[in-house]
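Protein chains in written order, with the numbering used here: chain A, 1 to 337; chain B, 338 to 914; chain C, 915 to 1210.
Keep in mind the hints are simulated off the structure, nothing from the lab. Hints may contain errors.
Within a straight-line C-alpha distance of at most 30 Å, the following computed DSS-like cross-link-like pairs (lysine-lysine) qualify [as the list claims (entries may be wrong)]: (1) A/LYS158 with B/LYS377; (2) B/LYS582 with A/LYS244; (3) B/LYS463 with A/LYS3; (4) B/LYS481 with A/LYS244; (5) A/LYS247 with B/LYS582; (6) B/LYS688 with B/LYS377; (7) A/LYS244 with B/LYS543; (8) B/LYS543 with A/LYS247; (9) B/LYS543 with A/LYS158; (10) A/LYS3 with B/LYS377; (11) B/LYS377 with A/LYS247; (12) A/LYS70 with A/LYS52; (13) B/LYS463 with B/LYS582; (14) B/LYS483 with B/LYS543; (15) B/LYS543 with A/LYS54; (16) B/LYS584 with A/LYS247; (17) B/LYS543 with B/LYS582.
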Amino acid sequence: MLKQIVRRLGTAVPSLIGVVIVTFLLTRVLPGDTAAYFAGPAATPQAIAEIKTKLGLDQPLFVQFLAYVKDLATGNLGMSLTTGQPVFEDIRARLPASAELTLLGLILSVAVSVPLGILAAVRQGSWIDHLCRVVATAGVSLPVFFTGLLLVYVFYYKLGWAPAPMGRLDFIYSAPDTVTGFYLIDSLLAGDFELFRAAWSQIWLPAVTLAIFSLAPIARMTRASMLSVLASDFVRTARASGLKPSKVVMGYAFRNALLPVITTLGMVFSFLLGANVLVEKVFAWPGIGSYAIEALITSDYAPVQGFVLAMAILYVLLNLAIDILYGLVDPRVRIEA
Amino acid sequence: MNIHAGNMSAGVNNMQPPLLEVRDLTVEFATRRGTVQAVKQVDLTLAKGETLGIVGESGSGKSVTSYAVMRILDRAGRIAEGTISFGGVDIGAASESQVRALRGREMSMIFQNPRAALNPIRKVGKQIEDVLIEHVQAQPSDAKEKAIEVLKAVRIARPEERYHAYPFELSGGMCQRIVIALALACRPQLLIADEPTTGLDVTTQKAVMDLVVELTRERNMSTILITHDLGLASAYCDRVMVMEKGKVVETANAEAVFRAPQHAYTRKLMRATPRKGVTLRDLLPEDAAPVALTPAMPVEGAGTPLLVVENLVKEYPRQTPATGLAGAFGIKGAAADPFRAVDDISFSVAKGESLGLVGESGCGKSTTSMMLMRLLDPTSGRIVFKGEELSAIPAKRFAGSKWRSRIQLVFQDPTDSLNPRYTAARAIADPLLRLGSGLSGKALRAKVEELAGLVGLPVHLLDRFPHQLSGGQKARVGIARAIAPDPDLVILDEPTAALDVSVQAVVLNLLQDLKQRLGMSYIFVSHDLEVVRMLCDRVIVMRTGRIVEEGATEAIMAAPKAEYTRELLASIPHPPI
Amino acid sequence: MRGKAMSLAATDAAPKDSLFSHARHIVAENPVTGIAFGLFALFALAALIGPYVVPHDPLASNTSAALQPPSATYWFGTDQLGRDIFSRVVVASRLDMIIAVASVALVFVAGGFAGIASGYFGGWTDRIVGRVSDTIMAFPLFVLAMGIVAALGNTVTNIIIATAIINFPLYVRVARAEANIRREAGFVQAARLSGNSEMRILLGHIAPNILPIMMVQVSLTMGYAILNAAGLSFIGLGVRPPTPEWGIMVAEGASFIISGEWWIAFFPGVTLMLAVFCFNLLGDGLRDLVDPQRRT
């Protein structure tokens, strides 16, 4: 098993190399002249040339690439002009906020969509099947920032069930001691239930927004793969052997139907990490997405590049986890590897 | 809940009530275009210990009947009328949990395509345990032990090891044994076998059938064997029931069906079944329009070699899964010794001759035909055609060669081999357009219609798309396309494997006629020696890439020299006449 | 050679007829597809003639009429500058459609061709195309689009390019898989035996069979392209105020949601949603229409 995980880690290497090359290319095709940008609007040509030399921009591309890789290896992603902090530190401080929100959104989404997909397939043609199909088609059509705003209007302005969309904690609370960086977990670890409730009241609405967004692909895939598995020969054999419906559906069909669903999770994560940026803006969530947006507005490019890189690495790692999970469920992949 | 605790004496006892009694069974399916009756007023009776064969071509309702008995029809299907009584239980009226208790324990079923019939991600031993535990034949504590016993009962070697295997690690025949083990684990009284050997090699087929017969006799079980093969049914069953379009047309003793078939359809089916001592003409229905036997056109230079194959070898590298960077760029590691799909074979085909290439799956016959077709480059060896060394022209460039039109192929699967976006006429015209016939416009259409006439395809079907044609019609289009450039050699790659037996009879006769009329040579690739016997002058038997035996067809069928050929011949099910 | 093939084209006339009746049949069988077609026509119309028929100038601000709720004069209300939201929503459809159509057309040609070639030829073509799309797929797609637009410059053209790039792997994957399963299909082998060159097989036999599936993909990604472009402009990339565009209009209305002026963000948001919904439904409808297996 361990050997297999190491093998899978190996397959992530080319993805990481690709990511580094692309982010490097994005750095080099910055709008206008990087050196001119750093020198400021009033700089003389001499000053610009000086900065060029200082930044190593007069070196051949390959040398620049090596320097870039070296910077990455040492965690040097440049400085943020807006916060005046190293980008690496900024991202490290804000990443838990994004991760907590995304993961909670995914958990909520899976908790609803997988049972929905299974029920829709088992009771094909029933109201729950129709519901599933409506959710699947409507869900992918919803712009996530618009859903977020609608929810804010209904649950904050109209009903008052949620606090104002202003970040992770109301200002009267102070953040729990950092263990995981996730407020929900850290507050529980600290035994502070009031703080937990405060954090929960802030996070549930953005998490639901993300969940609604990612519901559709998972429900659709669960339903489709359950349907095809339920129609397959081995399910017929299981039924002909007199196994209980619960055993047939959960023990035989579901485990097989899970495989395409796990594969879909990769795509869902891609969507979620993107949607996360938009949701963070709507809810003023202090994660890396809103960090990047703020930087974009002020044309501060180092944080944007750091953000793209961080997201890509995160995504490569998530895909790795999905691969390993797939191998756990499917013996065929295990033996092949 | 032993339903039938009565007399366990072997054989058919008329004093006993039948184990299974079906009366007036009608099964309906709800489809997009309304309700379709798949089974109409079927009656059947099965005594304890009896073996009944249900025979019919595709769409005859034979499988649906058995699904209704087990009550495992899919969602769209329902029992519209009639009663099914199994050991005194009214299956139609019983609750789902009652029927579920019967399934697997009192009646069970085995299916075609055994690998798909098993849960791909669960160990086979565990799957057997599931059934044992479900029917309280075992406790979780002793389930493993009992599962291994069940594996032993179906003669699986090293059952302790196989217990831990996944279906994908086992051969097709082995998977079918596992499916049988599942079905018989709880010692049911009725076994329904739905095409249990379709898709398996003949030798495996025999082994599986023999096992089923042995086990069911031993346990005095009743068996229903569902098959499209009248020969198989009559070789293994006491009685045979013939179905056509959802109706039972005849039920009789196995012997009587062959000796004195009553119904016209049975007669047609019986005649179409390839068997000992009959010719191709015998396969056609008796009322078929008397075919004007085309006098064999004197083939110019008959007997001189048309194709000579010398020391042909095809090797494939054994691939090892690549890792890391190399894998990412698709560079696969290759092991030291390659796999030889075709291993140093030599033979020749004379002008006007038809040669049979026989063997089971994986014997290299398909690889050989691909190389002869020049779609695949051999690793080494020579293919000499009319004195020209064709193996010198790479497969990639062969399409542009003048030799392309000389060698053509009729494909195994007529559906797959027709472009779904081309009409029949366009498909037949394709080689005429590309291989420089110079025809166009009306002349082209006339040529296409002439070819359609040759293969017996009605001209009004020419403007249809493949999905609007029947299997037999598609086969005719494929044949017309192959003979369009007037080739010298046609390779027939199991051309009737996907067809019903009555259509097979017609197509085989058509091929025979065409050969005589057009003076072509054939290489007929098949797994079925009985069919090869009727069509071929000479036969080559292949196994694991090598030629095992070669000679005149009649001589080999009468006195096979190689042990393997004898085994193949012995595996053909023979009707009891 | 083409001319000779045309002689058989007479046979194509009948299917054309049946294509139309088939379309009617599908709409009759599945009214939802009919609704989607209707909606699509509406959006196309708005994109074509919208700017000439709207009741107000979409850019004219009128501070005396700012932040008015929907009324008979202002059907969708007015924004903080007193601009008519209805007019802005209608006019915006042109820009959003242009972005979607242009990016999808770009990726359809590039991704479709690369995918078919990679699936059919295999080997190095496959490896290179596969590596490129794997690298794109290694990024969360929206994030990559953000990075590309930030780097290339904040313009509508770059939004189109970025949207095409992030859709590239989807097209490659579909086209590649379809070409790959047909590479050794019987009818392709038969075409080889009939003397067709590889290029002719690729274009004449394989591509037409893949086209229907690609069309479904086009329809589905059209919706995704609109969502993506709107998302980018929502965070301030690409389109700049005061240009009317659905995403940026939702962004402008966002800060008024918490004070109860819901209509500023609501109407552009709903329109955006309907447009995407319409393309997604069309995708399913198209699949039924062009799948020859289902045409009888």
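Kindly indicate which numbered hints from before are broken by the structure, ordering the numbers from low to high. Numbers 1, 2, 5, 6, 7, 8, 9, 10, 11, 13, 15 and 16 - these are the hints that the structure violates, sorted from lowest upward.
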